[in-house]
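K.L.:
Just so you know, we're using our numbering here: the sequence shown kicks off at 1228 and counts up by one.
FYI, nobody ran anything at the bench for these hints, they're computed from the structure. From the three backbone atoms N, C-alpha and C, an ideal C-beta is built for every residue, glycine too. Among the hints, a few may not be true.
Distance ranges between label pairs, derived from CB positions [stated by the list, open to error]:
1) Y1241 with R1432: 49 to 55 Å
2) A1356 with V1273: 37 to 43 Å
3) E1315 with L1268: 23 to 29 Å
4) S1255 with R1432: 47 to 53 Å
5) Y1253 with S1428: 44 to 50 Å
6) A1251 with H1300: 31 to 37 Å
7) L1239 with T1279: 34 to 40 Å
8) Y1253 with C1389: 55 to 61 Å
Simulated pairs of lysine-lysine, DSS-like, Cα-Cα distance not exceeding 30 Å [what the hints assert, rightly or not]:
9) K1417 with K1299
10) K1252 with K1299
11) K1280 with K1252
12) K1265 with K1366
13) K1367 with K1433
14) K1391 with K1280
15) K1367 with K1391
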Amino acid sequence: MEKPCEDSNPTLQYSLPHTFRIGAKYISTLLITSAQLKGHLALLNVFRGLRTKVEELTIEAWEPDRYIPLDKHKRWVWFVGLAVERFEMWATSLTPEDADRSPLEFLPPLDVLMDPELNKFLNDDSSLARMEFWASRAKKRCFDGLEDAAKHRMKAVLCPFCRKPHEIPFINVNGTGYLQRYFRFGCSNKDCTPLIPINTSLLLRKFAEDFVREDDTPQSYFAYAHLPSSTLRDH
């Protein structure tokens, strides 16, 4: 009778290092704890549930003039685009005094919330304090992301040339909406360019405005363009 083959790949033994090098420094604590890892995975699960909810939307439940993508993947991309808009609205409304508030009060709705460190507050996503804070800053926008998407389909955009305000649909059947690949619109000012590749023009306008801004606020610096000397030594 033949002998069973011995395992040629025994279980590997691995011990975590006692120190970790980051730049020119060494730290002796774990970068990520098991609790933080579990929290991050829990947050991903919550987002997965939200995605499933968005993909399974019943088209008939929407008003006839509220166009949403039929393709499930494109529908999720559309919803994330709306969430980014809502995040910017929430983030720009914050003040230094808000740092003294409890996270249970100022955290935004689930679709806006993107920081894995904050997932422990998600169990009470519709808390009264958070809804009231959102209502005070969100310019009459609904707390629930899906409800808000059903009611708000237009984006306020200034023409990058003449600065005339326009209301642009986030998406449309032609694929030229604000959140779509071929975004463009015609400026209604008769003295302006009749048809503008607005996505590129808006980016250039924003870059130019940021470049010439002269103040000491964090918004006046490009990302990684202003680093303390200690930070530079650590890289």
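K.L.:
For each hint, tell me whether it holds in the structure or not.
P.N.:
Hints versus structure:
{"no.": "1", "hint": "Y1241 with R1432: 49 to 55 Å", "result": "holds, 53 Å"}
{"no.": "2", "hint": "A1356 with V1273: 37 to 43 Å", "result": "violated, 20 Å"}
{"no.": "3", "hint": "E1315 with L1268: 23 to 29 Å", "result": "holds, 27 Å"}
{"no.": "4", "hint": "S1255 with R1432: 47 to 53 Å", "result": "holds, 48 Å"}
{"no.": "5", "hint": "Y1253 with S1428: 44 to 50 Å", "result": "holds, 48 Å"}
{"no.": "6", "hint": "A1251 with H1300: 31 to 37 Å", "result": "violated, 44 Å"}
{"no.": "7", "hint": "L1239 with T1279: 34 to 40 Å", "result": "holds, 37 Å"}
{"no.": "8", "hint": "Y1253 with C1389: 55 to 61 Å", "result": "holds, 57 Å"}
{"no.": "9", "hint": "K1417 with K1299", "result": "violated, 39 Å"}
{"no.": "10", "hint": "K1252 with K1299", "result": "violated, 46 Å"}
{"no.": "11", "hint": "K1280 with K1252", "result": "violated, 45 Å"}
{"no.": "12", "hint": "K1265 with K1366", "result": "violated, 35 Å"}
{"no.": "13", "hint": "K1367 with K1433", "result": "holds, 26 Å"}
{"no.": "14", "hint": "K1391 with K1280", "result": "violated, 38 Å"}
{"no.": "15", "hint": "K1367 with K1391", "result": "holds, 24 Å"}
Checked against the numbered hints given earlier, this structure breaks hints 2, 6, 9, 10, 11, 12 and 14; the rest are met.
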